[in-house]
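*Asks:* As a plain string of letters, each chain reads:
2 protein chains.
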Amino acid sequence: MDKIPILRMGPFLLVTIQIDLYDRLAMNLESDLVQKVHQTGARGVLIDISAVTIVDSFMGRILGNIASMTRVLDAETVVVGMQPAVAITLIELGLSLKGVHTALDVERGMALLHTKLDLSTEMADDDADDTE
Amino acid sequence: MDKIPILRMGPFLLVTIQIDLYDRLAMNLESDLVQKVHQTGARGVLIDISAVTIVDSFMGRILGNIASMTRVLDAETVVVGMQPAVAITLIELGLSLKGVHTALDVERGMALLHTKLDLSTEMADDDADDTE
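Line by line, the protein sequences give chains A and B. Take any residue in the first sequence, count from 1 to its spot, add 5: that is its number in this note's numbering. Take any residue in the second sequence, count from 1 to its spot, add 5: that is its number in this note's numbering.
If you're looking for bench data, these hints aren't it; they were derived computationally from the structure. This structure is a prediction, so every number in the text was calculated from the model and none was measured. Worth double-checking, as some hints may not be accurate.
Intra- or inter-copy, both count: the list cannot distinguish identical chains.
[What the hints assert, rightly or not] Subject to a maximum C-alpha distance of 30 Å in a straight line, what follows is the list of computed BS3-like cross-link-like pairs (lysine-lysine):
1. Lys8 x Lys103
2. Lys41 x Lys103
3. Lys121 x Lys103
4. Lys41 x Lys8
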């Protein structure tokens, strides 16, 4: 199986990464996700990496890429379920996952997305020229 | 990775099957799921098999087992995202997935679970001696 399924849950997309992200699989995931965000008009992407035990700079870069790509399509990306060892490795590798939101589990990730989306709507109403 | 992550989403648990369910993996999934239902008091289990392209009688039996096990813990199981080819194979193998609910995708599966849970609560209120 060389495709990671992308599940639609209301305004969000959910991806569970269970296998090592090799080059082709990661590229497929990037393009599939961006297309799916475009098709569905999703406002948020949740990437569950609770099954990922080994992480390298490639994986870090892929997560960063996905976050940047979805952001230009007006969707926020939240990485959830990171194992403590993975967090340690990422920081030791000097990868701070800039631009990627994180949360402890899917539920908190969804709550974070809801807050972000509400906030960004309010901010747009209150102060339209506020830029990031 | 010899564990399939189980994600908690409110009163439901979500499992995405992305790799072939070999014996040990399937047994682990069964016991993990049953334990998680017990721990969390989940009322429904959603199993996404949209990435599964090949199915055999073992897989059919595992899905049936999971549904039976969770039912005795008062949780309903819905299998979602089945590929048309998988549906054809299952029926041709004579496996009708008795006791397993199915839905087209996760969203419809969740809607089905919500309906089932509401209905079963109402039925319990209306007519406590109604048995399946």
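*Asks:* Cα distance capped at 30 Å. Does lysine 121 pair with lysine 103 within a copy, between copies, both, or neither?
*Replies:* within (17 Å within a copy, 42 Å between copies)
*Asks:* Between copies, within a copy, both or neither: which fits lysine 8 and lysine 103 at Cα up to 30 Å?
*Replies:* Both, since 26 Å and 29 Å are each at most 30 Å.
*Asks:* Checking lysine 41 and lysine 8: alpha-carbon separation at most 30 Å within a copy, between copies, both or neither?
*Replies:* both (13 Å within a copy, 27 Å between copies)
*Asks:* From the Cα coordinates, with 30 Å as the cut-off, is the pair lysine 41 and lysine 103 best called within, between, both, or neither?
*Replies:* Classified as within: same-chain Cα gap 23 Å, cross-chain 33 Å, threshold 30 Å.
Of the numbered hints given earlier, the model fails none.
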